[in-house]
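J.: Sequence:
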Amino acid sequence: MVCIPKPKPDQVIRHEIVLGRSERELIEGALVAYQVNRIATPTVALLSDVSAMSIVLTALGTYLGFKYSIGSLAIDTTQDLINDFQNQYDAYKQTPEYQAAQTIGVGAAAGVASQLPGGLPLSALIRQLFG
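According to this note's numbering, the sequence shown is numbered sequentially starting from 29.
These are calculated hints, taken from the structure and not from any lab test.
Even glycine gets a Cβ: it sits at the ideal position worked out from N, Cα and C.
Please note that a few of the clues may not be correct.
[Said to hold, decoys possible] Have a look at the derived ranges for each label pair, beta carbon to beta carbon:
1. N65 / K36: 23 to 33 Å
2. L75 / R42: 46 to 56 Å
3. L75 / V40: 52 to 62 Å
4. K121 / I55: 22 to 32 Å
5. V40 / S79: 50 to 60 Å
6. R66 / C31: 16 to 26 Å
Let's have the full structure, built from the sequences with the hints guiding it.
T.: What follows is the structure, encoded as structure tokens:
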């Protein structure tokens with residue numbers, strides 16, 4: 029088999045595809061849907077895993093100013109874990125530490141943590157998340 033060298037091109041032809049506004053909007057919508065799916069799928073998988081959710085709730089408890097303890101509970105579902113978290117948080121709100129922090133306005137239970145940047149009270153957010 030003899031190899032014949034390929035001749036160099038003597039001209040360059042450029043093809044350009046121009047999309048209209050409706051095509052660009054369709055592509056933008058598809059890109060947004062793809063990006064949301066790439067974020068939502070692992071997030072849902074993380075939140076449905078009991079061990080990962082326990083880490084998230086422990087961090088949330090620390091942010092709220094109390095120590096969330098899973099202890100030796102045999103928790104099988106994330107709903108059981110969330111219910112346990114809510115029970116411990118409700119019990120914490122009855123403690124003198126929490127009441128004092130609410131009164132003087134310092135600590136993680138009050139002050140900065142009592143109001144989110146958008147103006148939504150943290151307790152309302154907790155009620156929305158945990159019923």
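J.: All hints, please: hold or fail.
T.: Okay, the hints, checked on the actual structure:
no. : hint                   : in the structure
1   : N65 / K36: 23 to 33 Å  : 46 Å, violated
2   : L75 / R42: 46 to 56 Å  : 49 Å, holds
3   : L75 / V40: 52 to 62 Å  : 53 Å, holds
4   : K121 / I55: 22 to 32 Å : 49 Å, violated
5   : V40 / S79: 50 to 60 Å  : 58 Å, holds
6   : R66 / C31: 16 to 26 Å  : 46 Å, violated
Hint violations for this structure: numbers 1, 4 and 6, all remaining hints satisfied.
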